[in-house]
Amino acid sequence: MRAFLSLFLPLLISSLHAEKIITNPNWVARNTPVVTVDSILLRDTVSRMYITLKQLPHTSLTIHDDWVVQDSIKRFSGKVRDIDGVDFDRIFQFDSDSTIHIEMDFPALPPSLTEVDIIGNQKSNEIRIIGLSLTEKRNKTSIYPQPNPIYRSATPAITFDTDTAILQGKFVGYHKRLNLPDGKIILDDLFSGKQTEINIPIAPDGSFSAKIPTRYPIQQKLIFGDRYIPFYIESTDTLYIETYLDELFAPYRYSGEIEQNCVHSTYRGKNARINYELREIRLKNISETEDWIKSLNTLSTQKYYTSEENKFKVKLEYVNSKYNQGEISDTSYHLSILNNYYNFIYHIFVYMNIIDENIINEYSIKNIDYISFADIFAMNDPLSTTSEYYLPFLMLLESWRAMTTPPNWEYSDFIKALEKRNMDLSNTEKETLKFVFGEIQTPPDNVERTIESFNKKSEKEQISMREEKLRALRKQTYETYFGPSTDFTCQLINTLSIIRLIHSLDRKLTETEIKEFTAPITDRRLLKVIDQTNFSYKPQSLQGH
Numbered sequence: 312m313r314a315f316l317s318l319f320l321p322l323l324i325s326s327l328h329a330e331k332i333i334t335n336p337n338w339v340a341r342n343t344p345v346v347t348v349d350s351i352l353l354r355d356t357v358s359r360m361y362i363t364l365k366q367l368p369h370t371s372l373t374i375h376d377d378w379v380v381q382d383s384i385k386r387f388s389g390k391v392r393d394i395d396g397v398d399f400d401r402i403f404q405f406d407s408d409s410t411i412h413i414e415m416d417f418p419a420l421p422p423s424l425t426e427v428d429i430i431g432n433q434k435s436n437e438i439r440i441i442g443l444s445l446t447e448k449r450n451k452t453s454i455y456p457q458p459n460p461i462y463r464s465a466t467p468a469i470t471f472d473t474d475t476a477i478l479q480g481k482f483v484g485y486h487k488r489l490n491l492p493d494g495k496i497i498l499d500d501l502f503s504g505k506q507t508e509i510n511i512p513i514a515p516d517g518s519f520s521a522k523i524p525t526r527y528p529i530q531q532k533l534i535f536g537d538r539y540i541p542f543y544i545e546s547t548d549t550l551y552i553e554t555y556l557d558e559l560f561a562p563y564r565y566s567g568e569i570e571q572n573c574v575h576s577t578y579r580g581k582n583a584r585i586n587y588e589l590r591e592i593r594l595k596n597i598s599e600t601e602d603w604i605k606s607l608n609t610l611s612t613q614k615y616y617t618s619e620e621n622k623f624k625v626k627l628e629y630v631n632s633k634y635n636q637g638e639i640s641d642t643s644y645h646l647s648i649l650n651n652y653y654n655f656i657y658h659i660f661v662y663m664n665i666i667d668e669n670i671i672n673e674y675s676i677k678n679i680d681y682i683s684f685a686d687i688f689a690m691n692d693p694l695s696t697t698s699e700y701y702l703p704f705l706m707l708l709e710s711w712r713a714m715t716t717p718p719n720w721e722y723s724d725f726i727k728a729l730e731k732r733n734m735d736l737s738n739t740e741k742e743t744l745k746f747v748f749g750e751i752q753t754p755p756d757n758v759e760r761t762i763e764s765f766n767k768k769s770e771k772e773q774i775s776m777r778e779e780k781l782r783a784l785r786k787q788t789y790e791t792y793f794g795p796s797t798d799f800t801c802q803l804i805n806t807l808s809i810i811r812l813i814h815s816l817d818r819k820l821t822e823t824e825i826k827e828f829t830a831p832i833t834d835r836r837l838l839k840v841i842d843q844t845n846f847s848y849k850p851q852s853l854q855g856h
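Here my numbering is used: position 59 in the sequence shown is 370, and no number is missing along the way.
Simulated from the structure, these hints should not be mistaken for lab results.
All residues carry an ideal CB built from backbone N, CA and C; glycine is no exception.
Heads up, a few of these hints could be off.
[What the hints assert, rightly or not] Label pairs and their in silico Cβ distance ranges:
no.	residue 1	residue 2	range
1	Asp355	Ala514	36 to 46 angstroms
2	Ala514	Asn450	19 to 29 angstroms
3	Ile665	Glu447	19 to 29 angstroms
4	Lys819	Thr466	16 to 26 angstroms
5	Lys771	Lys581	48 to 58 angstroms
[To be verified] Mimicking DSS-like on lysine-lysine, the simulated pairs with C-alpha atoms at most 25 angstroms apart in a straight line are:
no.	residue 1	residue 2
6	Lys448	Lys385
7	Lys605	Lys624
8	Lys365	Lys434
9	Lys487	Lys505
10	Lys487	Lys390
11	Lys532	Lys448
12	Lys390	Lys331
13	Lys481	Lys581
14	Lys385	Lys331
15	Lys786	Lys745
16	Lys839	Lys771
17	Lys677	Lys727
18	Lys786	Lys768
19	Lys731	Lys677
20	Lys532	Lys495
Model the full structure from these sequences, guided by the hints.
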């Protein structure tokens, strides 16, 4: 009998503490591939999760003690009890193999549960795995759809007409319980200077759709949390993007690696091929932003310029080689030349603004040889508006003192400019102006009243005089540093100046003013934009009525 009991009792104890092991459990969604649950041990006293942590080599991570396991509606929730492999709330570092194995113990799970969510690091960089199965194994390999890009060769026409493009797509592996934000696009309007944030709601299945107001093709970024997806889209175009969250949220060292990690992203639509080609070209320079910032802060003027020029030429040679081998389309080639040119010139202007303003005088960007790579004159090319670096460059150019600060008036020149506009001045006004310009030292009587009266009756003439001087300054500066003032870019700068003037005056310009101010502009598309802006402008005092 004793022998029987000695055999029976272990079996009884074993049955009382029955355990179940799920290897490679399936999951519905997760917000990072850093954490993978390899297996789950279920007992009536504990649920233990065997986890692999995977990050970039020599980076660090902290696992906090706030991890919980819960069902989808939070009827059951259990806080982590213990951890093995690392310590809670202590920073640890990944070795060269990028992998650390840990175990987490949670309370026993109710037998009725078939899946759970695990959530941790809730104070910062929250980690979520949704729908972790207690019954199903994970497929070892994922099946990714193969891209089927459509070839398109012709470069797009630029009209600047207001239109709409549609961006659609899907985040594969999305689940609403991941608590991820909506997507967004930050859209800068070339002509108004306004920035618009387009909110892009994500449906429960991860799909999204958004209308994007456009005047010309754009290279933009779909921002999702702290990640982004670059894309190229044209007016009236519909572009579909599919991206896997596991790849999008993979750890990265350089910002360019965000896109590099998304190896299975697909594009569909008439411009799918262009998106693939531009992506391939971008991925040749994944550390470009970080390298540039380092150069900006460490190199002398000479070394900085030489470094930027060499990088520019190397990129052009690569693009030219791809094109000559028939590996990229005309549009991708054209856009890449423009992207590289404006990236280079933008970097020079940033250095000029914050480090050494003389770099633009010491090194002539006007004569840099890039035309040999293509019959493209960037500053005279309306497709420049499509370049992702064109608008940042224009903003620096518009604020450049050499473009915005004309010499002070001399009394004689001021009087001649007034006479040119058939402005008759009284002797009192002339004497007062002489005093204002420092021609005489003794102030006439009633200076303030005379100036106030003069400014009121000569308001339009003074605006005309100021704008004439600014146009002359822009023309001279542009021709000195860039090329002919008939270039598209110079005409665009004059166009933007007129649009800014309409807003600053808070009124429509007269026909006479429009005719005078648009004298240097011959591009009919730009003239049309000015006319439309002026015609539709509503003064602030009338808005809301």
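Q.
Looking only at beta-carbon atoms, does the pair Lys819, Thr466 fall within the given range of 16 to 26 angstroms?
A. 36 angstroms, violated
Q) When you check the alpha-carbon spacing of Lys390 and Lys331, does it fall within 25 angstroms? A) Answer holds: Lys390 to Lys331 is near 20 angstroms, not above 25 angstroms.
Q: Kindly confirm whether 19 to 29 angstroms is satisfied by the beta carbon distance between Ala514 and Asn450.
A: The hinted range 19 to 29 angstroms holds for Ala514 and Asn450, with Cβ atoms some 24 angstroms apart.
Q: Could you grab the alpha-carbon distance between Lys487 and Lys390 and see if it respects the 25 angstroms cut-off?
A: 22 angstroms, holds
Q. When you check the alpha-carbon spacing of Lys786 and Lys768, does it fall within 25 angstroms?
A. 29 angstroms, violated
Q) Holds or violated: Lys605 with Lys624, Cα cutoff 25 angstroms? A) With a Cα-Cα distance of about 20 angstroms, the restraint between Lys605 and Lys624 holds, given a limit of 25 angstroms.
Q. Does the hinted range 36 to 46 angstroms hold for Asp355 and Ala514 at CB?
A. 40 angstroms, holds
Q. Would the pair Lys532 and Lys448 pass a check requiring their Cα atoms to be no farther apart than 25 angstroms?
A. 36 angstroms, violated
Q.
Given the hinted pair Lys385 and Lys331, is their Cα-Cα distance within 25 angstroms?
A. 23 angstroms, holds
**Q.** Proposed proximity, Lys434 with Lys365 (alpha carbon, max 25 angstroms)
**A.** At roughly 21 angstroms apart (the allowed maximum being 25 angstroms), Lys434 and Lys365 satisfy the hint.
(Q) Given a hint of 19 to 29 angstroms, does the C-beta separation of Ile665 and Glu447 actually sit inside it? (A) 56 angstroms, violated
**Q.** Holds or violated: Lys786 to Lys745, with C-alpha atoms at most 25 angstroms apart
**A.** Violated. Lys786 to Lys745 sits at ~30 angstroms, over the 25 angstroms cutoff.
When each numbered hint is compared with the structure, violations occur for hints 3, 4, 9, 11, 15, 17, 18, 19.
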